[in-house]
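> Chain by chain, the residues run as shown.
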Amino acid sequence: MDYLDLTIIKAKELLSQKKISSVELTKYYLERIEKYDKNLNAYITVCTEKALNAAKTADEKIANGESGALLGIPVGLKDIYMTKGIRTTAGSKVLENYTAHYDATAVSKLKNAGAVIIGKANCDAWAHGSSGENSDYGPSKNPWDTTLVPGGSSSGSAVSVSAGFSLAAGGTDTGGSVRLPASFCNIVGLKPTYGRVSRYGIIAMASSLDTIGHFTKTVEDNALYLSVTAGKDEKDGTTPNIKVPDYMANLKKGVKGIKIGIPKEYFSKGLSADIEIPIRKALKKYEELGAEIIEVSLPYTSHAIACYYIIQPAEVSSNLARFDGIRFGNTRETFGPEAKRRIMLGTFTLSAGYYDAYYKKAMQVRTKVIEDYNNAWKKVDVIVAPVSPTLPWKLGEKADDPLAMYLSDVFTVTANIAGIPGLTVPVGFNKGLPVGIQILGPHFSEDKLYQVGYAYEKETEFWKEKPNL
Amino acid sequence: MKIDVKHTAKLANLPLKEEEVKKFEKQLSEILGYIEELNKVKLENVQATSQVTGLEDVTREDTASPSLPADEVVSQAKKKHNGFFEVPAILDE
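If you read the sequences in order, they're chains A and B.
Take the working numbering: the final residue in the first sequence is number 485, and no numbers are missing along the way.
Take the working numbering: the final residue in the second sequence is number 866, and no numbers are missing along the way.
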């Protein structure tokens, strides 16, 4: 069989039946990376030896009858996850030669579940960006058209899953950095509820917005992965003691009677017809499947980017203050232009005399954005919305216009401002390029998002379409 | 809003080249111009939200547990002395 058609669920089945081994599977992906990644630039570091050793250990465990949620499954990780003994750059030259001293909680959980870490994926430096072009290691390319961006900031992670370099990949989502690249690469991406997955050991971007998400080919795989990473962590005070549900339990229940909200502000003049057409089609499909479509209003949407681009750089400037070249890493002039811009912006809005005019105001708007969503949840179970206002853009197109780049986050940042979860699911193609929707829900409603996403995926199976490398 | 790039860079301990100062003056002013639209929003008596978890005063048991060994902690510093980080002097004699 062709390994390219594998999902995590299918691979686990074949591994347990001993029809394939984890070493074979890992070698298959390593060879694909070797062959195709020169063009795509998904990986900053490939962990060939460590991955093969981990795969060998997984095969021994399988032979002994042991099991694990991700036993023997090759996974890529955004290079912002601390991985003990492996170079961890955050996509920045500041950490060019930095080797992590310890594993992030998400990494130890993945390892404990048997996952094979295949490499460290490229990303916008410090996760600052919507296209992947802010990486100090060169941009990743979109596997569907290598003249286009794959979306960022978790660019390499999305490319890895889309191009068949791994069965899943870890990312982070502070303003859309999982959902946007998932939608540009025809894969499934989750931004969990703030606090659902521990941020310990993930290099911090904006601490009140950062969430630790992941990419998979299918919704079912995605739910399985979350069941590994979710949960309270003593090392991250923002992870509440809320039970992690069985994400597989309600997955296949369908959407009959589910109320899907459509935010009217998202279907405005800012939304390209290229995106709107496939999304309208998807909504029609949901109606056929028995869901009820209800228009809702999120009036503060139009202020979300301004709010986000105050709060986020403010927190960035504070988090990046620790990189002084003294304890580890290179000195501060090594920061790339986007990191410098955000440090400057954040330092300015927090500086004496400006706090009330910017940061305080943004925190008040944050309250209004949260109220918007809370009002919507009185009427609907979930919200379905576009992810990006346009199809993937050309490499270089927005590189010299930071504001234009920021505005591409217009539909994704509100979920981070409110701390709610969002799941990107492919809904088809336009002009040969992938289009995705995001399914948003109240805090800790990931199981509901998976249920809604699965119903559509099962009917359409767009995930089976693969790019021609 | 015009931003004093040199002063802000000093606050941020961020060395900038002359051409960066010029570029950032323009780009940051554009961005600030955009985010100032928030001035139009009526926000009297609206509470500020600084975090979304609702959790407060999260503590753990105050028990000792192993940390990273000191030699490992300093292993990636460019300058170290007897197991300590060596830092630039901030006070003159």
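If you are wondering where the hints come from, they were derived from the structure by calculation, not from laboratory data.
Any given hint could be a false lead.
For lysine-lysine, the following DSS-like pairs were computed, each having C-alpha atoms within a straight-line distance of at most 25 Å [claimed, not checked]:
hint	chain 1	residue 1	chain 2	residue 2
1	A	K26	A	K43
2	A	K275	A	K384
3	B	K795	A	K280
4	A	K414	B	K799
5	B	K775	A	K100
6	B	K853	A	K376
7	B	K815	B	K851
8	A	K109	B	K790
9	A	K482	A	K51
10	B	K775	A	K109
11	A	K376	B	K775
12	A	K376	B	K783
13	A	K285	B	K775
Stretches of chain A that chain B covers, calculated by requiring three or more beta carbons in the stretch to come under 8 Å of a beta carbon on chain B [said to hold, decoys possible]:
hint	region
14	36-47
15	123-137
16	227-240
17	285-294
18	373-386
19	409-422
Since the model is a prediction, treat every value here as computed from it, not as a measurement.
Each residue gets a CB set at the ideal place from its N, CA and C atoms; glycine is no exception.
> Hints first: check each against the structure and report whether it holds.
Verification of the supplied hints:
1. Only pairs whose Cα atoms come within 25 Å are accepted, and K26 (chain A) paired with K43 (chain A) is accepted, the gap being roughly 18 Å.
2. Straight-line distance between C-alpha atoms of K275 (chain A) and K384 (chain A) comes to about 23 Å, which keeps the hinted pair within the 25 Å bound.
3. With a C-alpha separation of about 40 Å, the suggested pairing of K795 (chain B) with K280 (chain A) is violated against the 25 Å cut-off.
4. Distance check on the hinted pair: K414 (chain A) and K799 (chain B) sit about 16 Å apart at the alpha-carbon level, within 25 Å; holds.
5. Annotation: proposed proximity of K775 (chain B) to K100 (chain A) is violated, straight-line Cα distance about 44 Å (limit 25 Å).
6. Straight-line distance between C-alpha atoms of K853 (chain B) and K376 (chain A) comes to about 41 Å, which puts the hinted pair past the 25 Å bound.
7. Under the criterion of a C-alpha separation no larger than 25 Å, the hint pairing K815 (chain B) with K851 (chain B) is inconsistent with the structure, at around 51 Å.
8. Only pairs whose Cα atoms come within 25 Å are accepted, and K109 (chain A) paired with K790 (chain B) is accepted, the gap being roughly 17 Å.
9. About 17 Å separates the Cα atoms of K482 (chain A) and K51 (chain A), which keeps this hinted pair within 25 Å; it holds.
10. Our distance criterion of 25 Å between C-alpha atoms is broken by K775 (chain B) and K109 (chain A), whose separation comes to about 30 Å.
11. Taking the CA atoms of K376 (chain A) and K775 (chain B), the gap is about 20 Å. The hint holds against a cut of 25 Å.
12. Among the hinted pairs, K376 (chain A) with K783 (chain B) is consistent with the structure: their alpha-carbon atoms are about 23 Å apart, no more than 25 Å.
13. With a C-alpha separation of about 30 Å, the suggested pairing of K285 (chain A) with K775 (chain B) is violated against the 25 Å cut-off.
14. Proximity of the region 36-47 of chain A to chain B, defined as three or more residues with a beta carbon under 8 Å from a beta carbon of that chain, is not established by the 0 residues found.
15. Using a Cβ-Cβ cut-off of 8 Å, 0 residues of the region 123-137 of chain A lie near chain B, which falls short of the minimum of three, so the contact claim is violated.
16. Counting residues of the region 227-240 of chain A whose beta carbon lies closer than 8 Å to any beta carbon of chain B gives 0, which falls short of the minimum of three for the stated coverage.
17. Counting residues of the region 285-294 of chain A whose CB lies closer than 8 Å to any CB of chain B gives 0, so the stated coverage by that chain is violated, three being the minimum.
18. Remark: the region 373-386 of chain A is confirmed as covered by chain B, as 12 of its residues place a Cβ nearer than 8 Å to a Cβ of that chain, reaching the required three.
19. With 3 residues bearing a CB less than 8 Å from a CB of chain B, the region 409-422 of chain A meets the requirement of three and the coverage assertion stands.
Checked against the numbered hints given earlier, this structure breaks hints 3, 5, 6, 7, 10, 13, 14, 15, 16, 17; the rest are met.
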